[in-house]
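Construct the entire structure; sequences and hints are all you get.
Chains F and B, in that order, are what the protein sequence lines are.
For the first sequence, the working numbering gives the first residue as 1, with consecutive numbering after it.
For the second sequence, the working numbering gives the first residue as 1, with consecutive numbering after it.
No lab work stands behind these hints, which were simulated from the structure alone.
Take these hints with a grain of salt, some might be off.
Here are the simulated DSSO-like pairs of lysine-lysine, each with C-alpha atoms no more than 27 Å apart in a straight line [to be verified]:
(1) B/Lys113 to F/Lys18
(2) B/Lys12 to F/Lys88
(3) F/Lys329 to B/Lys108
(4) F/Lys329 to F/Lys259
Beyond 12 Å from chain F on every Cβ pair, some chain B residues (computed) [stated by the list, open to error]:
(5) Ser5
(6) Arg8
(7) Ile20
(8) Gly28
(9) Tyr30
(10) Pro34
(11) Cys41
(12) Asp44
(13) Val59
(14) Thr60
(15) Tyr61
(16) His65
(17) Arg89
(18) Lys102
(19) Ile103
(20) Arg112
Backbone N, C-alpha and C define an ideal beta-carbon position, used for all residues, glycine too.
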Amino acid sequence: MSVGIVSYGAYIPRYRIKVENIARVWGDNADILIAGLMVTEKSVPDLDEDTATIAVEAARSAIMRSDIDAQRIGAVYTGSESHPYAVKPTSTIVAEAIGSTPVMTAADFELACKAGTAAIQACMGLVGSDMVDLGLAIGADVSQGAPGDALEYTAAAGGVAYLIGKKKSELVAVIENTYSFTTDIPDFWRREGMSYPEHAGRFTGEPGYFKHVKGAANGLMEMIDTKPSDYDYAVFHQPNGKFPLRVAKMLGFNKEQVKPGLVVSRLGNTYSGSCMMGIAATLDQAEPGDRIFATAFGSGAGGDAFSITVTDRIEDIRNGAPTVEDLLKNPIYMDYAMYAKHKGKIKLI
Amino acid sequence: MIFVSVARFWRKQVHRYNLIGTYCKECGEYYYPPRNMCPTCRRDGKLESYKFSGNGEIVTYTIIHTAAEGFEHQTPYVLAIVKLDEGPRLTSQIVVEPGEIKIGMRVKPVFRKLGESGNRGMIYYGTKFIPEYE
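Following this line, the structure appears as structure tokens:
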């Protein structure tokens, strides 16, 4: 398969709340939570930010980084579980705001935290079959965690956009192949009209995350005959800091391969943006010829694995837009009261 | 709640999303929002669509403490006149801590929610500005 990444762009809101500030409100032990989750703080959207604004900023960053003519984009797919409208696409807003309309296709994707990588796969198919010149795949979320729920400590905001193409001279990374592993698991859900998701505790770990990440990762390595030591970097979905490190060890990857893309401790879980943010952080520092192994996970559930090789062109475009590290710098910290206001947790009669 | 008709907002949404105005090839003047006729050249004007970079500077500002309906919970926030590098001036909310805003500050555009018609109506998106150093 000769398709790959032409450009990428990330966006993270400036606001943060520390885990200790959330724990203080709910009477939890912050030290135990930080040690268990390996997350110290998470991003919070501004009052006028949502999944659409985050997706637009990430998409514009991707276009700016490679100086691409947006009219070449023939497909815009936005993966999220917090689309601002129940019915009315985020992707048409994004497409209009980046100037890709009208000769193009668009749709919104949802499969919990892997909706963005599902969008990458759809774009790979469209580009690979010459149906479109470039495809734009976005994973963005302003994820929800109910007050006092375990998810509240990590549910964060952010987004990442990938431009998928096939012109060899434009590729900053070749996606050698992708492999998915999917089953129906009741680990996490949000019913229509409900503000916050529910989760079925024991399904989250082994039957959900680990089974599907391992299924996709092992399946891909078997299919293309590679092994963990063939890769310079490894990125796994980051709902917390512990899961990606544990699954990496199970699969035979070491900590050094995972750490460059492990941004969850200062960012939280950006859901549809999570694994894609890890890939972006890795591309920010990878050298030409480096190989990246990535596996996204989405509850419900599925894993999407990718084998990626970085090309010489990465050096040409890398500094064309802010890196993930740039976006993590200079946060504005807020207390729980301001966080509750920003997240709409204070309901007015 | 903001009361804007869906059709009225939609007519101008592309201009709000991407700062698209007009440029008169006859006199070299830029306009935002877009004009149908050049006020200087009148019938001799040759207007064409122009996408502004969005870079500019703060001409003047005010800090809103008593806001209009729909913005009460955003106070205090900054409203400013921004002079785009090409010349036109426009009024916009500036996403900045009120203590940081200064006349002459360089700004760049960001895509944000401008407002919404309650919980059931449309969400209106468009351009605001942030300091260039961010």
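Margin query: Hint by hint, where does the structure go against what was stated? Just the numbers, ascending.
Written below: 7 and 20
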